[in-house]
Each structure stands twice: as C-alpha cells, then as structure tokens.
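If you're matching positions, the sequence shown starts at 21 in my numbering and goes up one per residue.
Worth flagging that the hints you see were computed from the coordinates, not collected in a lab. Some hints could be false.
What the hints assert, rightly or not - Simulated restraints, written as ranges between beta carbons of each label pair: (1) Arg77 to Arg44: 34 to 42 Å; (2) Lys72 to Leu52: 31 to 39 Å; (3) Tyr83 to Ser58: 30 to 38 Å; (4) Pro32 to Glu69: 31 to 39 Å; (5) Glu71 to Pro32: 23 to 31 Å; (6) Ser56 to Cys35: 18 to 26 Å.
As the list claims (entries may be wrong) - In silico SDA-like cross-links for lysine to any residue, where the CA-CA straight-line distance does not exceed 25 Å: (7) Lys72 to Ser51; (8) Lys36 to Ala53; (9) Lys68 to Tyr83; (10) Lys72 to Ser58; (11) Lys68 to Asp57; (12) Lys72 to Val85; (13) Lys68 to Ala53; (14) Lys68 to Leu80; (15) Lys68 to Leu52.
In this text the structure is predicted, and so the values were computed from the model without any measurement. For every residue, glycine included, the Cβ atom is placed at its ideal position computed from N, Cα and C.
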Amino acid sequence: MASVYSDVTDLPLNCKSAAERTQRVLDREDSLAELSDSGRRRLTEWEKELEKDTGCRVALVAYRV
C-alpha cells in the first residue's frame with residue numbers, strides 16, 4: 021500500500037483524508053466556548069424553539085472568537 025505524508029501521521033493513502041478530517045474536528049473542539057449551566061440551558065431552549073419553527077432538529081454550538 022502506498023504511503024503519503026500527512027500532518028496527522030504517516031498513513032496509507034486510503035486513511036490520510038479520514039485522519040486529517042478527524043484532526044480538523046479535534047482542532048475545532050479546542051475552540052469551543054466554555055459555557056455556564058445557564059448558558060447551556062439557553063442554547064438548549066433556542067434549539068427547541070428552532071425545532072418547533074423549522075420542524076428539524078437543530079444543534080447550536082458556541083465557539084470562542
């Protein structure tokens with residue numbers, strides 16, 4: 021199997037993109053905002069309101085900017 025360089029690690033070609041996607045997800049997790057309990061409750065309430073309005077389940081995420 022061919023090996024290629026990856027920022028994540030040295031992996032076979034068929035695993036490289038999956039590993040890099042995983043690394044991007046992990047990098048984003050580092051930028052999530054730390055919310056208080058009341059902040060998480062408010063996000064949950066907004067998700068429920070949006071679900072009622074749209075008929076779709078919605079997930080809101082808080083990132084540090």
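Hints versus structure:
Between arginine 77 and arginine 44 the beta carbon distance is about 24 Å. The supplied range of 34 to 42 Å is therefore violated. In this structure the hint that lysine 72 and leucine 52 lie 31 to 39 Å apart at CB is violated, the actual value being about 26 Å. Between tyrosine 83 and serine 58 the CB atoms are about 19 Å apart, so this pair departs from the stated range of 30 to 38 Å. Restraint check, proline 32 to glutamate 69: a C-beta distance of roughly 46 Å breaks the suggested window 31 to 39 Å.
Glutamate 71 and proline 32 have their C-beta atoms about 41 Å apart, which leaves the hinted 23 to 31 Å range violated. Judged by the Cβ atoms, the range 18 to 26 Å given for serine 56 and cysteine 35 is violated: they are separated by roughly 39 Å. Of the pairs offered as hints, the one joining lysine 72 and serine 51 is violated, with about 29 Å between alpha carbons and a cut-off of 25 Å exceeded. This hinted pair does not check out: lysine 36 and alanine 53 have alpha carbons roughly 29 Å apart, beyond 25 Å.
Distance restraint check for lysine 68 and tyrosine 83: the Cα-Cα separation of roughly 20 Å lies within the 25 Å cut-off, and the hinted pair is therefore satisfied. With a C-alpha separation of about 21 Å, the suggested pairing of lysine 72 with serine 58 holds against the 25 Å cut-off. A C-alpha spacing of about 17 Å is found between lysine 68 and aspartate 57, which places the hinted pair at or below 25 Å, so the restraint holds. Proximity of lysine 72 to valine 85 is assessed by CA-CA distance (about 29 Å); at most 25 Å being required, the pair is judged violated.
The straight-line distance between the Cα atoms of lysine 68 and alanine 53 is roughly 20 Å, inside the 25 Å bound, and the hint therefore holds. The suggested pairing of lysine 68 with leucine 80 holds, with an alpha-carbon distance near 10 Å, which does not exceed 25 Å. With a C-alpha separation of about 21 Å, the suggested pairing of lysine 68 with leucine 52 holds against the 25 Å cut-off.
In the structure shown, a violation is registered for the earlier hints numbered 1, 2, 3, 4, 5, 6, 7, 8 and 12, in ascending order.
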